[in-house]
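Chains A and B, in that order, are what the protein sequence lines are.
At position 150 of the first sequence the residue is numbered 150 (the numbering used here), and the sequence of numbers has no breaks.
At position 39 of the second sequence the residue is numbered 309 (the numbering used here), and the sequence of numbers has no breaks.
Any given hint could turn out to be false.
Okay, the calculated beta carbon distance ranges per label pair [what the hints assert, rightly or not]:
hint	chain 1	residue 1	chain 2	residue 2	range
1	A	155	B	498	45 to 53 Å
2	A	6	B	512	18 to 26 Å
3	B	498	A	224	25 to 33 Å
4	A	193	B	311	28 to 36 Å
5	A	151	B	338	35 to 43 Å
6	B	456	A	193	52 to 60 Å
7	A	224	B	347	16 to 24 Å
8	B	516	A	5	38 to 46 Å
9	A	5	B	491	42 to 50 Å
10	B	427	A	231	46 to 54 Å
Hint data in this document are derived by calculation from the structure and do not stem from the laboratory.
None of these values were measured; they are calculated from a predicted model.
Ideal Cβ placement from N, Cα and C applies to all residues, glycine included.
Below, each chain spelled out in residue letters.
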Amino acid sequence: MPSIESGLYELGQLDSLARRDTPIHRLDPRAKVLTTLVFLVCVVSFGKYDVLPMLPYLLFPVVLASEGDLPWRFFARKLLVVAPFAVVIGMFNPLLDRAVILHLGGVGVSGGWVSFVSILLRFGLTTVAALVLIATTGFVGVCMAIERLGAPDVFATQLLFLYRYIFVLGDEAMRMVRARALRSFGRRGTGVRVYGHMLGSLLLRTYDRAQRVYLAMLCRGFDGHVRIRGQLRLSARDVAFTLGWSAAFVLFRLFDVPLMAGLLITKVLS
Amino acid sequence: MSHHSIEVTDLSFAYPDGTSALGGVTFRITHGESVAIVGANGAGKSTLLMHLNGFLSPSAGSVRIGDAPVTAKTLPDIRKTVGMVFQDPDDQLFMPTVGEDVGFGPMNLGLPDEDIDARVDDALSRVGALRLKDRPPYRLSGGEKRAVAIATVLAMQPSILVMDEPTSNLDPRARRRLIELLATFDHTKIVATHDLDMALDLCERTIVMCDGAVAADGPTRELFTDDALLEAAGLERPLGMRACPVCGATG
Chain A
1 MPSIESGLYE
11 LGQLDSLARR
21 DTPIHRLDPR
31 AKVLTTLVFL
41 VCVVSFGKYD
51 VLPMLPYLLF
61 PVVLASEGDL
71 PWRFFARKLL
81 VVAPFAVVIG
91 MFNPLLDRAV
101 ILHLGGVGVS
111 GGWVSFVSIL
121 LRFGLTTVAA
131 LVLIATTGFV
141 GVCMAIERLG
151 APDVFATQLL
161 FLYRYIFVLG
171 DEAMRMVRAR
181 ALRSFGRRGT
191 GVRVYGHMLG
201 SLLLRTYDRA
211 QRVYLAMLCR
221 GFDGHVRIRG
231 QLRLSARDVA
241 FTLGWSAAFV
251 LFRLFDVPLM
261 AGLLITKVLS
Chain B
271 MSHHSIEVTD
281 LSFAYPDGTS
291 ALGGVTFRIT
301 HGESVAIVGA
311 NGAGKSTLLM
321 HLNGFLSPSA
331 GSVRIGDAPV
341 TAKTLPDIRK
351 TVGMVFQDPD
361 DQLFMPTVGE
371 DVGFGPMNLG
381 LPDEDIDARV
391 DDALSRVGAL
401 RLKDRPPYRL
411 SGGEKRAVAI
421 ATVLAMQPSI
431 LVMDEPTSNL
441 DPRARRRLIE
451 LLATFDHTKI
461 VATHDLDMAL
471 DLCERTIVMC
481 DGAVAADGPT
491 RELFTDDALL
501 EAAGLERPLG
511 MRACPVCGAT
521 G
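Just chain A, same shape as in the assembly (with noise of 0.2 Å):
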């Protein structure tokens, strides 16, 4: 299945964006996963009908990817990707809600559509603040500035295991994928039955594995933390940079700054 396979690159791709050294890259990750989760709550906090006031918040992502060297087309991809989720989410709301609440030129559009717009657009933004932050920070980054931030030890080891063994997991899925693909000869009608078997197997495997690696832990004495090495230093920029954007963040939430730039141009021009 190809798509593991490139599933898998593009986590490492992510990976060595992570690796650059721009201002944004430098920032101490604290910073971002905090100035990131303000960012998220104030989002995802709008109306059901609310898409103009959103759009202010395009700025973060479009000023972090610009400032941190971040190739568009690679975040476009992934979009994609992951869209007809939220698609699928949305996708009945201009059937069941078809009372019309917003005249475009003439034409009338539903409630339905204008939520559906506003769902879409909740969903961009969230996912690339997100994939936004791993590629500055890095995932590792990310684990340890939850971890300094107080979240539960457990919760940052899970998150650091997840991401090691992901690709040990991939190639292990690929390897089988592969092995049933090359005895199938060309019939997709394997069914759900051996999908079920290979799964099965695949955790089985994984169990093992897990106990291996615990083992290997414990040879190297380990008490149940892991210690993520390295300094975190909160500067002023930091401090600057999470205060900003997240007084920006609650400004744009409180205010529409759209609709009070439309009036405001209209009253210049009236």
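Since chain A is already given, all that's left is putting chain B on it; use the hints.
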């Protein structure tokens, strides 16, 4: 130094499902010895290794490392003394970067940062992998992974090195390099392997296992010429001790 010795007395072990894996294994390995444990698949080599580190506890008999028996109480010390290199390096490299992985053990020992750094650099340069320090483990080749896995164990500064199939899945040159590397270590070494040529190069003594018991224990060169023994244990003479396939000459 007495904590470099291993004494296994009448060791038996059965898995919880009743499969008997070891039956009455006895041997003694003294300081600085290099011993190969060979035997067919399923002869009990890996099960035996698991006992040296206290991962499995014997159904009967005992294991002593140095002066201490392997018990729940002595385990932390035993694991510091006995460094174990696993068969699959992916099981052993679990941290995000090679450097952090090698530093994992020393960090758990509670060493100060400078000491950890020194140990990491030392261990990595001993296996010739210092340049890999900042790489994530999943991006390494098989040979590199193996070298780093050994470095993670060296960083703990164990007195005894236990290795399970160290040369499996390596290309000939990586295998040769690994053998040369292992030859430079003056630890007490125990190597479970199917690679009898490596055993010949590296270990002056060999223990042949067969069906969970010791079939023979003696100088490697002698045992590997005993065709009846090798046949019974499911092994073959190492290539280095066979007649030349072209001219028929031996040696």
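Taking each numbered hint in turn, which are not upheld by the structure, reported in ascending numerical order?
-> Hints 1, 2, 3, 10 not satisfied by this model.
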